[in-house]
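> Sequence:
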Amino acid sequence: MLVQKINHRLIKQALTIRTVEEKFLSLFSEGKLNGTVHTCVGQEFSALAFAGQLKKKDFVFSNHRCHGHYIAFTGDTRGLIAELMGKASGTCGGIGSSQHLCNNNFFSNGIQGGIVPVAAGYALGNKLKKNGAIGVVYIGDGTLGEGTLYETMNIISKWQIPLLIVCENNFYAQSTPQSVNLAGDIRARAAAFGITTFQGHTSNPEQLLHDAKVAIEYVREQTKPCFFLVETFRLNPHSKGDDDRDPEEINNYRARDFLHIFSKDFTAYYDNYLAAIHKEVDDMVNSILPEPEQAMDAYYQPPVSDHNNNWRPLIGINKRQVELLNNFFKQQIVDNGRMLFLGEDILSPYGGAFKVAKDLSVLAPDKVFSTPISESAITGISNGLALNGFKPFVEIMFGDFVTLAFDQIVNHASKFHHIFNKKVTCPVVIRTPMGGKRGYGPTHSQTLDKFLVGIDNIKTVAINTFFDPAIVYDSILQEEHPVIVIENKTDYGKKILHHQAANFVYEINDAPFPVVKIKPVVSVPSLTILAYGGMADIVNNILSDIFFETDLKPELIVPSLISELPVDIIIQSAATTKRLLVIEEGSAFAGIGAELIAQVTEQMDIKIRIKRISAYAVPIPSVKTLEHIVLPEKERIIQEIKAYF
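In terms of the working numbering, the sequence shown opens at residue 1 and continues consecutively.
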């Protein structure tokens, strides 16, 4: 019989996975673990066939149903149990729990589809290192509804990235049967991208193990991607809750389950194996129960603000901002072994929409990757490269398109370090131009910084025209966590410190992400203004006009790190002026100004006059006259200062 052909060691491994999964459901019902539990009962041989046949140098990315994959690849049963029980000894200190595991090249995240480009980036990193390692990424049939999967399949095929995509098809997306929401042939979807495909079934483990090994060897030897469709059965509910499927259907699945057949044909072996595994798992649970949970001070350290008050004079540079940006990247792409540059249409001679990438592909063709129009996938690939030790800079052609990469920023880049209990860092850098005044219209002119500064654990930087942007980028090179850089489109063509108002002093401090302060030469300032990015240059050009038309002496403060505002510097100035004005190019509601004012109000003991000036909350029009009305301009700024202060 078929069951006789299977190595009994694999039977024990499969039973271990199943026993642990069933124990999790028991522990949940007893209130001894938190969160949710997605068990893989019925799918165990998929884990063993792929994750269980990789080399130690290889990697696995998994999804919400990841426990079997984890045990098969790492063998760390105790660490997994402790993790779901919320203990500090868990593989991620109890922080990630069921869906977020990291150990010895194993990574999981429960966001459908999002792990696929991250896995592709990690595999690309191995290819660049030429270390012979490959990777497996597990998806479910429900993931076939996610667009980022197809973006990634296109790229891994074109770039020949050694990644094996394993699709575990259990015919249900949570509680929805496949017939309701999946069109066409699953293998044909991968084949359409020129990817070699395989198919197997967990009810025939011997054949599945053989074919899985062939697929793994294909990816390793050919350095190409592969897609393997595994048909399987999920015998338990989607998670810990009720199961709405037809009981007869589940019973039919159970009758075809290999371990069930083994238990009937080899009852003595099965019972002996199961008794020993149950004892081992129960002993683990009993030893883990009294262990402590993670301490808060080990998990979270409040950020320390260090806005250095050592000020020095600013000096103009007779070069356009875009030239300086391009010079920085041309030097680093050659000299910095970790740096990679990715983006749409960045190869020479075009060099990107705003020419920041000009000549990079000539200087370092193996480190510059011109990508399809796939913002989610290229950001995810950059995340994977960052996890694998590289310093990827991904260019999003227009800031408006960063919304297409939001999942990769919010649910992946910003989370990895903490959900994996600080085992990894993700030093990805996402650069993008923002701002209007170019006539590009509603979807190419937005300033969306307020959506970015609210993302925890990511630094958001807005460069300006007051100093060499290389100063900021040198600091970014030292960062081991994600950074988003906003570059204003109208600033690209301006020279550094191209305008200096008469009777004002221009200073910069020594912070890694410097603050610029522009103040009257002699007079005590009577109006504190905060502006940043492209808006800072606009305000700088009208400082004298503000004084002549309002009789207020402005002091302009320009931060570059807008996710951590220089509140101490603002308060020091506002304590003198008793007036604070925030001018931003985005809309005001829940914006940068709102956050700054909240912090200032919390920390100041004296009452001051406060106002925001921002874009009107409508889509930015292309027609020039309307665009200049919607976005803050000289006339409106001065009129509102007069009216309010």
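Calculated directly from the structure, the hints in this document are not laboratory data. Treat the hints with care, as some may be off.
Below, a list of computed lysine to aspartate or glutamate pairs in the EDC-like style, where the Cα atoms sit at most 16 Å apart [unchecked claim]:
1) 56 <-> 76
2) 422 <-> 480
3) 355 <-> 323
4) 358 <-> 407
5) 358 <-> 344
6) 422 <-> 344
7) 422 <-> 456
8) 87 <-> 291
9) 130 <-> 366
10) 158 <-> 323
11) 330 <-> 291
12) 642 <-> 507
13) 12 <-> 280
14) 32 <-> 217
15) 489 <-> 323
16) 415 <-> 480
17) 55 <-> 217
18) 578 <-> 605
19) 437 <-> 627
Now the in silico label distances, taken between C-beta atoms and shown as ranges [what the hints assert, rightly or not]:
20) 316 <-> 193: 46 to 52 Å
21) 303 <-> 210: 51 to 57 Å
22) 160 <-> 338: 18 to 24 Å
23) 603 <-> 355: 26 to 32 Å
Even for Gly, the Cβ is constructed at its ideal location relative to N, Cα and C.
> Would you mind marking each hint as holding or not holding in the structure?
Evaluation of the provided hints:
1. 56 <-> 76: 14 Å, holds
2. 422 <-> 480: 11 Å, holds
3. 355 <-> 323: Answer holds: residue 355 to residue 323 is near 9 Å, not above 16 Å.
4. 358 <-> 407: Violated, because 29 Å separates the two Cα atoms, which is more than 16 Å.
5. 358 <-> 344: 13 Å, holds
6. 422 <-> 344: Judged against 16 Å, a Cα distance of about 32 Å means the pair is violated.
7. 422 <-> 456: 15 Å, holds
8. 87 <-> 291: Roughly 6 Å between the alpha carbons, so the hint for residue 87 and residue 291 holds.
9. 130 <-> 366: 13 Å, holds
10. 158 <-> 323: 32 Å, violated
11. 330 <-> 291: This hinted pair is violated, its Cα atoms lying about 53 Å apart.
12. 642 <-> 507: 27 Å, violated
13. 12 <-> 280: With Cα atoms ~12 Å apart, residue 12 and residue 280 stay inside 16 Å; holds.
14. 32 <-> 217: Violated - the C-alpha atoms of residue 217 and residue 32 are around 42 Å apart, more than 16 Å.
15. 489 <-> 323: It holds: about 13 Å lies between the C-alpha atoms, which stays within 16 Å.
16. 415 <-> 480: 13 Å, holds
17. 55 <-> 217: 11 Å, holds
18. 578 <-> 605: 12 Å, holds
19. 437 <-> 627: This hinted pair holds, its Cα atoms lying about 7 Å apart.
20. 316 <-> 193: 46 to 52 Å: 51 Å, holds
21. 303 <-> 210: 51 to 57 Å: Given a distance of about 53 Å, which is inside 51 to 57 Å, the answer is holds.
22. 160 <-> 338: 18 to 24 Å: 22 Å, holds
23. 603 <-> 355: 26 to 32 Å: 42 Å, violated
Against the hints set out earlier in the document, violations occur for numbers 4, 6, 10, 11, 12, 14, 23.
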